[in-house]
Amino acid sequence: MAGERTITLEVQRFHPEADEAPYLQPYTIPFSEGTSVLEGLQHIKDRLDGSLTFRWSCRMAVCGSCGCMIDGEPALACRAFLRDYAPGPVRVAPLDHLPIRRDLVVDQSDFLAKLERARTYLIPADERTPADGAYRQTPEEMADYYDYAQCINCLLCYAACPQYGWDQAFTGPAVLALVQRYDLDSRDAGKDARRAVVNADTGVWGCTLVGYCSEVCPKGVDPARAINQRKPASVADYLLGWLRPSGGEGTP
Amino acid sequence: MSRPRTYRPGMRGWWQRHPAYRRYLLREGTSLFLGGYALWLVAGLLCLAAGEAAYGQWRALQGTPWLFGLHLAALMAACYHAVTWLRLLPLTVPVIRLGGRRPSDRALIRGSWGVSVALSAALWLYLGGGWP
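Chains as they are written, first to last, in this note's numbering: chain L, 55 to 306; chain C, 29 to 160.
Okay, chain C solo, but in the shape it has when bound (with noise of 0.2 angstroms):
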């Protein structure tokens, strides 16, 4: 049996649809600000590697506003992509029972922001020559 002519909408203009949509691209999207951040980073590696004038330079070019603006702009991507990030990550955990108990969505996220807390202030510690 034929079947009837269907009628498929396309996806054109999709993230207008729902704000949902725009959430998801904003969450994404501030990956290409942490992209070019680490590629930033890698060039400052490079100028290190190619001697003392080269990477004079890039320290010099850190200092203008542009890129101070840049660094800004990335910071506050990096801020809102990890309350993102740890918000979802309870969804992405197996059935797992610690205790015989499954841990709640908040306790998951409480229990990654600690310990995100504690590697970072760690590093910032080890960074400044406070620790070990």
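Extracted from the complex, chain L is given alone in its bound form (with noise of 0.2 angstroms):
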């Protein structure tokens, strides 16, 4: 079409059977004022390089599953504009500190491992039964985790982390902002549960407040927020497990 505009969009890529190394592929695509990154990918993949491996799902912020680092940054490609990076060229990498399966494509195997050991999910204090009837919270109550709750496990956040990058032991952004996100909701008993992940070395204190992972991430979920907050907590739980004879559960 006459008069269409284009950009280059340097991708990078890597096939473990055949690469040392990751690099950089430049693909020159049309694009339009609507036109997102991942739509950008969609085009290099269905038209110019079929070879072009990456994740997606719902192209609308909602399934977390297209985070790469766009220029630099971490992002969901769905989310970011190739207009936004007109002239171009825009750098389109895997998300950052993760493990690299091939292109775009990141391993997840270790926050998934994470997601289960930090046990996050509603822990009721009683065997309840439909029959009991719905729990009840005010908007109080709810508004305490809502935030935290908007989580989509999409990983920018840890792309955003140079502490996990330094130290895969650290539980990381998402995790800990998911482990608040229960222990502040007032229809879940688990926190006692959960006490070992928060109050270990790999736990809050493994955040030194970059502060860059809220920035980041597209659903306001603010684990830098989540993470320290839970900090005095986790003194008073260190300070009390040197009163009791037991030596508490779960003290640094």
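Treat the hints as calculated values from the structure; they're not laboratory data.
There could be a bad hint or two in this list.
[Unchecked claim] Reference listing, derived: stretches of chain L covered by chain C, where coverage requires no fewer than 3 residues with Cβ under 8 angstroms from a Cβ of chain C:
hint, stretch
1, 213–220
2, 258–266
3, 275–288
[To be verified] Calculated Cβ distances over 12 angstroms to all of chain C for the following chain L residues:
hint, residue
4, I61
5, Y81
6, R133
7, I177
8, G244
[Stated by the list, open to error] Estimated spans, in silico, between C-beta atoms of each pair:
hint, chain 1, residue 1, chain 2, residue 2, range
9, L, E170, C, G142, 40 to 50 angstroms
10, L, L166, C, G72, 54 to 64 angstroms
11, C, W113, L, R101, 47 to 57 angstroms
12, C, R138, L, C112, 38 to 48 angstroms
13, C, G142, L, D138, 36 to 46 angstroms
14, C, G38, L, R137, 25 to 35 angstroms
Ideal placement from N, C-alpha and C gives every residue a C-beta, glycine not left out.
If you follow the hints, you should be able to join the two separate chains into one complex; please do so.
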């Protein structure tokens, strides 16, 4: 089409069976006012190079699949628009700090294992059945955790956390924010079960409040706040642990 | 099942990757100036304990240009540190309710500045002999 605007995407490629290390491959594609970076990648895969590998699903910042580094910033490819990077070139790379599986696909297994270990689900105080009726919660009680419940597990915060980059043992922003999400929920009674994860050196104390995680979160979760507002309680656990004869479970 | 080989990029030159990292280093770096200034005050105390001559020498050093520059740098670092510290303070406050409501970040930051200014003024007056 005459007069069509084009932009060059420098996409980081890596195929483990063939490549020693990642490299950049340029693709020039047409774009319009409403073309997202994800649609740009889809154009490449459909029309130019079917071997390009990336994750995506919902195309509307809900599923958290298409996170990648766009011009050095962690972002959802569906929520970033090529018009904002014109005239380009724009560099698209896999999320920082995570092992690269293939092209833009990172290995999420470490995150998923941590999510499971932290028991980020509702642990009620009593066994309940639907016959017992619904839980009741005031709007104020819900407001305490609501922001943290918006996490879509997209891992942008891990790509924004240098502490995680240095030490993968650090539980990391999203999992710790989700721990706080359930600990603050009035329906939950699982705080003790999550205490060891929170209080460990690799828990909230692994965070030095760089704060970039909260800047890149596409859902406004603010993991830096979730982690650091938990530190006073962790200190209290530690001090009380000294007073208890058992030594206290989960002290650092 | 064996996992396919993955590639993990290192952290070399990490601070060059984003301004947020450099702001973090600057914020944390200001503590070095604060620590240095505290050590300098301790040195002054030790000189005071050692006797009048030593203390006089320590005081005489304060007027030299390079030490004046270091003091100015420490003051600027302390101001920057205070601003960033109080800006981050709301993130470290547990979920609390005052009068049934959670205080806003703005209220917490302004309240902290108020307390900080009041304490500094009281100290200033006390050292100046104007109070109590």
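Hints, one by one, checked against the model:
A stretch counts as covered by a chain when three or more of its residues have a beta carbon under 8 angstroms from one of that chain; for the stretch 213–220 of chain L and chain C the count is 4, and the coverage holds. Using a Cβ-Cβ cut-off of 8 angstroms, 5 residues of the stretch 258–266 of chain L lie near chain C, which meets the minimum of three, so the contact claim holds. Proximity of the stretch 275–288 of chain L to chain C, defined as three or more residues with a beta carbon under 8 angstroms from a beta carbon of that chain, is established by the 9 residues found. The claim that I61(L) is not at the interface with chain C holds, since no C-beta of that chain comes within 12 angstroms of its own (minimum 22 angstroms).
A cut-off of 12 angstroms between C-beta atoms confirms that Y81(L) is not in contact with chain C; the least separation is 21 angstroms. A cut-off of 12 angstroms between C-beta atoms confirms that R133(L) is not in contact with chain C; the least separation is 18 angstroms. Here I177(L) stays apart from chain C, with its beta-carbon at least about 19 angstroms from theirs, past the 12 angstroms limit. For G244(L), the non-interface assignment is confirmed: its Cβ lies about 17 angstroms from the closest Cβ of chain C, beyond the 12 angstroms cut-off.
For the hinted restraint 40 to 50 angstroms between E170(L) and G142(C), the CB-CB distance of approximately 45 angstroms keeps it satisfied. Take L166(L) and G72(C): their Cβ atoms lie about 56 angstroms apart, and the range 54 to 64 angstroms holds. Judged by the Cβ atoms, the range 47 to 57 angstroms given for W113(C) and R101(L) holds: they are separated by roughly 52 angstroms. A C-beta distance of roughly 41 angstroms is found between R138(C) and C112(L), which places it inside the suggested range of 38 to 48 angstroms.
Between G142(C) and D138(L) the beta carbon distance is about 41 angstroms. The supplied range of 36 to 46 angstroms therefore holds. At roughly 33 angstroms, the beta-carbon separation of G38(C) and R137(L) lies within the given 25 to 35 angstroms, and the hint holds.
No hint from the list above goes unmet by this structure.
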